[in-house]
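Trainee: The task is simple: from the sequences and hints, build the whole structure.
Spelled out, the chains give:
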Amino acid sequence: MIELENVAYSYGGGELFSNVSLRLAPGSFHFLTGPSGAGKTTLLKLCYGELTATAGHVRLFGINRRTIDRDQISDVRRRVGVVHQDCQFLDHLSVAENVALPLTVAGRADEAGDYLEDLLAWVGLTQQAGQLPPELSGGERQRAALARAVIMSPEMVIADEPTGNVDWEMSQRLIKLLVELNRMGKSVLVATHDMNLIRATKAQVQARVLRLKGGRLQMAGSDL
Amino acid sequence: MKINIGRMLSLLAGDPQADRAVPPTGFTARLTVFTSGAMAFLAVFALALSLATGRLAERWASELAQTSTLRISAPEDQLDAQTKAALRVLEQTPGVAEARELSDDEQRALLEPWFGPDIPVESLPIPRLIEIVETSDGMDATGLRARLQAEVPGAILDDHTRWREPLVAAASRLRLLGMVAIVLILAAMGAMITLAAQAALSANAQVVRVMRLVGARDAYIAGAFVRRFTLRALSGATGGTLLGVLAVTLLPSSDVAAGFLTGLGFQGTGWLWPLVIPPLAAIIAFGATRNAALRNLRNQS
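Here the protein sequences line up with chains R and W, keeping their order. Going by our numbering, 78 is the number at position 73 of the first sequence; the sequence numbering is gapless. Going by our numbering, 679 is the number at position 142 of the second sequence; the sequence numbering is gapless.
Careful, some of the hints might be misleading.
Unchecked claim - A short list of chain R residues far from chain W (calculated; beta carbon distances all over 12 angstroms): (1) 6; (2) 24; (3) 27; (4) 109; (5) 171; (6) 188; (7) 200.
What the hints assert, rightly or not - Which residues of chain W face chain R? A partial, calculated answer using Cβ under 7 angstroms: (8) 556; (9) 560; (10) 563; (11) 748; (12) 752; (13) 754; (14) 757.
Unchecked claim - What follows is a list of derived Cβ distance ranges for each label pair: (15) W:742 / R:66: 22 to 30 angstroms; (16) R:72 / W:812: 47 to 55 angstroms; (17) R:190 / W:725: 51 to 59 angstroms; (18) R:77 / W:713: 36 to 44 angstroms; (19) R:72 / W:807: 51 to 59 angstroms; (20) W:742 / R:112: 37 to 45 angstroms; (21) R:24 / W:816: 53 to 61 angstroms; (22) R:66 / W:836: 24 to 32 angstroms; (23) R:40 / W:836: 28 to 36 angstroms; (24) W:725 / R:170: 48 to 56 angstroms; (25) W:710 / R:96: 12 to 20 angstroms; (26) R:170 / W:812: 52 to 60 angstroms.
Bear in mind the hints are in silico, worked out from the structure with no lab data behind them. Note that beta-carbon positions come from the ideal geometry of N, C-alpha and C, so glycine has one too.
Mentor: Written out as structure tokens, the structure is:
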């Protein structure tokens, strides 16, 4: 599905990481952890094509990132739902319109209908459907972002620190939604530095934990 | 840059969802409408100038090209004889359709602008004038001059070439200048709309980024901006053209005061030409905005 082979990424003259190899298979669940500034967000961006590796090969659904054109990047983003750290909403659109935005830009807005209502109910935002994003709490924004990430029925969901700005209870609720998605066959990749969240999730689903530290990606040990 | 008319029309039909995604930007909207209106207004005048000078050049070229004037200067006692001899020569000259001696009244009318209405033409030693109208094939002016020199020594043939050619050239250059002005006006409009579109794209950088992140293609994002700018340019140019045509209509009529400037305006099918300006402005806005949007998007991930 998504493969990274000996990938390196540098900027500003410094190398953020190198020799990173990773294969995200269908139905897998991965956590990506590591200290702040280690490059977790950058690695995620490589996985959905927002950035291009400075060395090595990234294959997105079998297509080499270096040879991919801009329309193909758009197609990749329709197959990978992304929950951004800062959610990235259009503040002049309602929550429902933001959640439906991937369908809208794909020219399939008329398909939203009942599915959109079900999705908003699934993330518990039925009441907030008509509100504007700035009116939502941190947890509600993350759940709205998750709903938007999955509205296209993507093959993979990538979440960048989805529980970074929410309390423990909301973190549990978000991770429960991600686990449900994984059980539906979606691949999930979550970047987080919340070890308690990882332990709690591993109790529910078979998840691999990757650690990005010192410019290298390693499989985490049994301490997790 | 290729403009696909089918794509342009489907774009103008619009996608309300895409329009919703991009918030309206008041400043660039007003700038585009104003610029298009002002440029269309100026384009109407440039068009009127170009068409008027075109008519003038054609009239001077066609009317004066087939006429000549024969001037007979001779002592008083020989004037009638030389005039008759000249008319006889002209009757025999191939290519002369008509030759007619101007009457005293006609000569007085010609001199009136310089000497006033009461000039005693009869008592003044002014030359006799014969107006010559040529056939469509024209006459041999050099041959005629040679024969007149032998038979009517006081006759001087003026086929108007000396002053007709510079006038026609000047009118043609004015027409060309009018066309150049139209091209410059449209180019300036394109440049202004490009700047406005770039300002709108910069103001909506976050919107564009989010749309890209959720899978929008460049053509979809560009379309939302292109449609707005095209319609704004079309509406602005329509208003500017209407005002321009109204202003041209209100110019003094050439019947009231004959002169070049009073002839500035449209005649006959020329009135249809201003109708071209609004769609042309829309096409320019379409191309300029699409180009600016796609270039801007290509610089983003």
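Trainee: Would you mind marking each hint as holding or not holding in the structure?
Mentor: Consistency of the hints with the structure:
no. : hint                              : in the structure
1   : 6                                 : holds, 17 angstroms
2   : 24                                : holds, 24 angstroms
3   : 27                                : holds, 20 angstroms
4   : 109                               : violated, 5 angstroms
5   : 171                               : holds, 21 angstroms
6   : 188                               : holds, 24 angstroms
7   : 200                               : holds, 28 angstroms
8   : 556                               : violated, 11 angstroms
9   : 560                               : holds, 5 angstroms
10  : 563                               : violated, 13 angstroms
11  : 748                               : holds, 6 angstroms
12  : 752                               : holds, 4 angstroms
13  : 754                               : holds, 5 angstroms
14  : 757                               : holds, 6 angstroms
15  : W:742 / R:66: 22 to 30 angstroms  : holds, 28 angstroms
16  : R:72 / W:812: 47 to 55 angstroms  : holds, 49 angstroms
17  : R:190 / W:725: 51 to 59 angstroms : holds, 58 angstroms
18  : R:77 / W:713: 36 to 44 angstroms  : violated, 49 angstroms
19  : R:72 / W:807: 51 to 59 angstroms  : holds, 56 angstroms
20  : W:742 / R:112: 37 to 45 angstroms : violated, 23 angstroms
21  : R:24 / W:816: 53 to 61 angstroms  : holds, 59 angstroms
22  : R:66 / W:836: 24 to 32 angstroms  : holds, 25 angstroms
23  : R:40 / W:836: 28 to 36 angstroms  : holds, 32 angstroms
24  : W:725 / R:170: 48 to 56 angstroms : holds, 50 angstroms
25  : W:710 / R:96: 12 to 20 angstroms  : violated, 57 angstroms
26  : R:170 / W:812: 52 to 60 angstroms : holds, 58 angstroms
Of the numbered hints listed earlier, those contradicted by the structure are 4, 8, 10, 18, 20, 25.
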